[in-house]
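Protein chains: 2
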Amino acid sequence: MNPIRVWAPTAKTVAARIGESIIPLDEAPGGWWRLLQPVPPGTDYAFVIDGQSPVPDPRSPQLPYGIHGPSRTVDHMAFAWQDAKWQAPPLSSGIVYELHTGTFSEKGTFDGVIDHLDALCNLGITHIELMPVNSFSGARGWGYDGVGLWAPQESYGGPDGMKRLVDACHGRGLAVILDVVYNHLGPEGNYLAHFGPYFADHYTSPWGKAVNLDGPYSYEVRRFFIDNALMWLRDYHVDGLRIDAVHAFVDISAIHFLEEMACAVRRLEAETGRHLVLIAESDLNDPRIVKPVESGGYGLDAQWSDDFHHALHAVLTGEKDGYYSDFGKLGDLARALESGFAYDGRYSGFRKRIHGRPVCGLSGNRFLGYIQNHDQIGNRALGERIGHLVGPDRLKVGAAIVFFAPFVPMLFQGEEWGASTPFMYFTGHQDPDLGEAVRNGRCREFESFGWRPEDVPDPQAVETFEKSILQWNETEQEPHRSILKWYRQLITLRKQVPDLKDGRMDRIRIRWDDSARWLLIERGRHLLACNLSKARQLVPLSAEKTGFLVLCSADGIECRADGLLLPPDSAAITHSVF
Amino acid sequence: MNPIRVWAPTAKTVAARIGESIIPLDEAPGGWWRLLQPVPPGTDYAFVIDGQSPVPDPRSPQLPYGIHGPSRTVDHMAFAWQDAKWQAPPLSSGIVYELHTGTFSEKGTFDGVIDHLDALCNLGITHIELMPVNSFSGARGWGYDGVGLWAPQESYGGPDGMKRLVDACHGRGLAVILDVVYNHLGPEGNYLAHFGPYFADHYTSPWGKAVNLDGPYSYEVRRFFIDNALMWLRDYHVDGLRIDAVHAFVDISAIHFLEEMACAVRRLEAETGRHLVLIAESDLNDPRIVKPVESGGYGLDAQWSDDFHHALHAVLTGEKDGYYSDFGKLGDLARALESGFAYDGRYSGFRKRIHGRPVCGLSGNRFLGYIQNHDQIGNRALGERIGHLVGPDRLKVGAAIVFFAPFVPMLFQGEEWGASTPFMYFTGHQDPDLGEAVRNGRCREFESFGWRPEDVPDPQAVETFEKSILQWNETEQEPHRSILKWYRQLITLRKQVPDLKDGRMDRIRIRWDDSARWLLIERGRHLLACNLSKARQLVPLSAEKTGFLVLCSADGIECRADGLLLPPDSAAITHSVF
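Sequences listed follow chains W and H, in order.
Mapping the first sequence onto my numbering, position 390 (from 1) lands on 390, and the numbers just tick up by one.
So the number in my numbering is just where the residue sits in the second sequence, counting from 1, plus 578.
Source of the hints: derived by calculation from the structure; they are not laboratory data.
Fair warning: there could be bad hints in the mix.
[Stated by the list, open to error] Ranges of calculated distance between the beta carbons of each label pair, as one might list FRET restraints: (1) H:L614 - W:W451: 42 to 52 Å; (2) H:E684 - W:G30: 50 to 60 Å; (3) W:R444 - H:F928: 39 to 49 Å; (4) H:L1116 - W:G273: 48 to 58 Å; (5) W:R223 - H:F1156: 45 to 55 Å; (6) W:E27 - H:F1027: 24 to 34 Å; (7) H:E849 - W:S92: 38 to 48 Å; (8) W:G30 - H:F1027: 18 to 28 Å.
Given the structure is predicted, the values throughout are model-derived calculations rather than measurements.
Glycine residues also receive a C-beta, built at the ideal position from the N, C-alpha and C atoms.
All chains should be built: construct the whole structure from the sequences, respecting the hints.
The structure is reproduced here in C-alpha cells:
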C-alpha cells in the first residue's frame, strides 16, 4: 500500500481526486497534508488545492498519461532485481558514455538501450550516463524541460522500463549515472507553484525565477530535490547522479544545497554499502564543488571540465565564436590539462570578468574530460559532432588527447564510430504557443551568428528528432570502422597503462608549438605526439624520450633519432624504456 | 599633483569639467579614462559622460558642496600625522565602542568626538567603531545611505577632520574601526549607474538591485569597493573595517568578494607592518566568513553575533516580536554563549527555514558580543535603549553577561552610563519626495506592529535627530553614575582576568532554570550568577564553587553554603579558590 501525502504549506484545503471521488487530506505538521488511508499500488490520483482544478503530485512516481494527467502510485519493492551482488567500479578508473534514451536506439526506449549494452561493454565502457529521464512535455525531447522529476518518462518505458535498464546494466558490469535537473523546471506542466514557494523572487536564473534554496520554506524545497536524488539511487539502483548546471543554483545560506545533497548521499552510501557518486556540471571553475566537506568543499566526487572541452574544441576547429573566443591557443589546452581549469583566476574576455580559482592539490580524477557532449553538439544550429567539423583524422587526434588526459574520459553516444548522425535540439511541446516560442527563440539565438531563420532546423519538427537517431549499422562502413578501432585501442591502452589514469596533474609534462601546431604530452614513460597542422612535420624529441611506437592514428609515422615524424592530422603514442 | 581618472567602460566620451572648462579625457585600457595632465590638490571637478549633465566622481576624495556637487582632489600626503609609532592592540583583547559622529557630541563632528576620547580611554575602551562617515544626503543621517564612499561627510569635518580624529585616537592608544557599506548605495545622489554596471540585474537586495559582484564587469566593481577599503586603511590610517550586512552580497563566483577583500587587506598588512582587522556584520550564521582562507573560509577576523544579542535581548525584555520570536529561552542564550550562534543548523520559525551551521573549533574572539547596537536601538519606533526597556538593574545584569561572554565586548555610545537619550532613526534627505517616502515607509513598517502613524517619530524632523544627541552632563546623575561605575568595574575585571578573554567556547559551563529565571556562567574559577526574576532567590551552588564575591550589581547579595542569594534583577561575580 502507498501513502498519499503532499507538502502545500500555504494551501487552505487539499484533497485527492481518486476515480470520481474527491477525498479531503488531513493537515500534518510542517505544511504537509496526507490521506489517512494508504492506497494500493497502481492507483491513479491528482491533487485539488483550494478547490482548483486537479493537478498531478509534484512527487508523482509515475505519470502514465503524461505530465498533465493524474499521478499513479508505484510499489518500488515489487520489481524483481537481479543485482544483489552488484558493486559499481570507481569513477577514477572509469570510462563514461553519455547517452540519450530517445535517440540511442531505433526503439527510443529503455529496452532499446538494453539492446546495445553489449556493444558498450565490448568497447570498454564502465559507466553509462543517461540524459534526463524525468517526465517532460511530449514524446521527444532532451529531458532538461522535465517537470515530473520523480517519474521516468512514460514514452521511454516508465518506471519498470527504467528498472529493467539499470538491472541489465548491472548484470553486464556497467554502472549507471543519471542526469538530474534541479536548477529549473520545464515551462510546460510545471505545477509546483500551486503547491508552495518552490521558486525564489530574489534571484533569477537563465530560465526565469531561480529555485528557492535559501529563502523562507527553502528547507522543504531543498528536501524535495534531495529526496529525489535519494529516490533514484535507492528505488532505481542508480549508481550516481550528474547534476545539471549547478552554476544556476543561487544559495548563500551557511550550508550550500550541494553540500547538503552530498552529505545525504554519503549517508545513503553508508546505509546501503553501495558506492554512489555525484558529478556536477559546473561553469563556476570553483574547486569548492569537488573539495571534501572537511576542507570547506561541497563534497561532490567530480565535475565536468568544460574548459578542457573548449580548449580542445577551439584547437581542433579554430572556431572563435561565443565562449570559444576565450580559447584557441595550445597553451590554453596545456593549462587545462595541468590545472583542470584553463581559467583559474584570470580574466575572461568572453565573461568580461575574472573567472575561476586554482584547484591546488585536487586530482584530475575529479574532472570528466571529453571532446564533445550533448550540449556542445546540440547547441550548434545543425547539431554537428566534432568529427563532422574536422574530419576523421583530426577527430582521432582529439580522442587521443582525451584518453591521454588526467581526467575521467567521457564519450557521447556514437562518438566511438564518428557517427554520421547529428544530435540536434529537438522538442515535442504539446502547447502550440510554447512550441512556436521555442522555434522562434532558436532562430533568434542563431541570427546573431549570421544564420538565416530558414536554415535553422525546427526543434518541434519530428524530422529534427529522427535525424538525430543513431544508425548502428554504419559501424561496419568506413571511416566509422576505423574510428571505432582507434577508440577501442585507446580505451584498451587507457585500461592497461596506470600512468594514464594517474590523476596527479603536476606530473604531466606538455610541450607545444603554436605556429607549427604540434603538441607533446608526457605521462610517465608514455608520450603522445600530435600534429595538428596540414603539413607532415617533425615533432622534436631526444632519442631516449622517443621510445617505440605503441599506437598510430595514421600510416606513415616514423620514429627518428631527432623526434617523431608525423603526417598531417595524426597522433602517435610511444613508450620509452628509460 | 593628483591624477584624474575614472572607469566608464560603456561611455562613448568622458570629459572633466574644471571651472568653466570641459576637458575631454583619454581612453585608457580596461574601460578607464584619464586626464593626461594631473591637477593640483584642491581642484574642483566633475565628469561629463556622453555629453550629459556633470556628475561627481564615484571616487571623489572630497565632496565639499555635498553629494550632488563637484568633487575635490585631496593630497593625502599633506596631513601631518603624529602616529608613526602606532600599533593597534589585538581585537581579541579589545573592548569596542560603537559611535555615531553626528550624535556622539554636541558639535556633531569629528572634532566633537575628539573632545570625549579621554572619557573613553578612562573607561577602558580599546577600539572605537565609527558608524559610516561616507558622504550621504543632507547634514544628518546614520550614514548607511552613503553615496560618496571615498569622501568623509563634509558636515562631520571632511577629510581633514577625519584624519585629526584618527590621529587623536592613535595618540591616546585607541584603535579606529570604520563602518563601510558595500552592499548598496543610498537612494539620493547615486550616480554610479552613469559610469558602469555597478548593479546586477540578476539578483535583488533589500534595497533594490544588488551590487554586481559576479556578472560581466564585476572585476572593476569589486575593485571599486576593495580599493575603497584599502583607501581608508592607508590614507586615513584606520585600523580596521566593519563591513555592513554581508548577507546582502550575492556572489557565487569561485573567489567570494569578501575573500578577495580580505586577501587585499592582508597584503596591505604585510606591506605596511600594521595590524588591520576586518569585521563583518553577517546574518548568515556561516562560519566560513571568519574561517581562514586556508581552510576554505573568507579570512575575515570577526563578525557581529546578532544571535547572542537577540537571545540576550529576548531574555531581558521578554519581547517576542519579529526576529525575537526565535528567542526568549535561557537555553538560547546558553547556546549562543557555547557556540557563537544560537541557530547553527536548526529550524528558525522566524525565517521559516534551517539556519546556520556549527562553528566547530572557532574562537569566541571571532565574534563581537553586545547588549545593543545602533540597529537594535534605532530600528525600534522610538529608538529606546535596552535600559529604557528593562530599567537600570536589569541593564547591569545584561552588561555583566556581555563582559562574561567569550566574545569581544562592544558598547553603543552612552550605554556605559545608561544614557537617557534614545537613538532614533533620522534622515536629512534633500529630495522632498524621498523624504516623504522615507517618512511614510517608516510609519508603514511599524503599523504592522500596532503603531499609529502619528506616534512614530518623523525621521526627517530635526528634533528626531536632536533628541538622539548624547547628553554627557547626565553622567553625574543617578542612576547614570552608578551604571557607569558598574561598566568600569566590569571592564576592569575583564582586563584583569585572563579566563574572561579565553575564546574557547567549549570551556564555558552554563546552568540555568527557565522557570525560576536564574543563570550561572562559569569561566575557569570565575562565576557569574544572575537573577532575572522579580523575586529574591537562591541560585544553587556547592560551597566550593561559590567562592568569594568579586562584584555585585546590587546590595544584599549573600554567599551561602548552598549557593548565592540574589535580590531581583541582580548579578554577582565570584571567584573560587578551588
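Now for the hints, and whether the structure bears them out:
no.: 1; hint: H:L614 - W:W451: 42 to 52 Å; result: 45 Å, holds
no.: 2; hint: H:E684 - W:G30: 50 to 60 Å; result: 55 Å, holds
no.: 3; hint: W:R444 - H:F928: 39 to 49 Å; result: 45 Å, holds
no.: 4; hint: H:L1116 - W:G273: 48 to 58 Å; result: 56 Å, holds
no.: 5; hint: W:R223 - H:F1156: 45 to 55 Å; result: 50 Å, holds
no.: 6; hint: W:E27 - H:F1027: 24 to 34 Å; result: 29 Å, holds
no.: 7; hint: H:E849 - W:S92: 38 to 48 Å; result: 43 Å, holds
no.: 8; hint: W:G30 - H:F1027: 18 to 28 Å; result: 27 Å, holds
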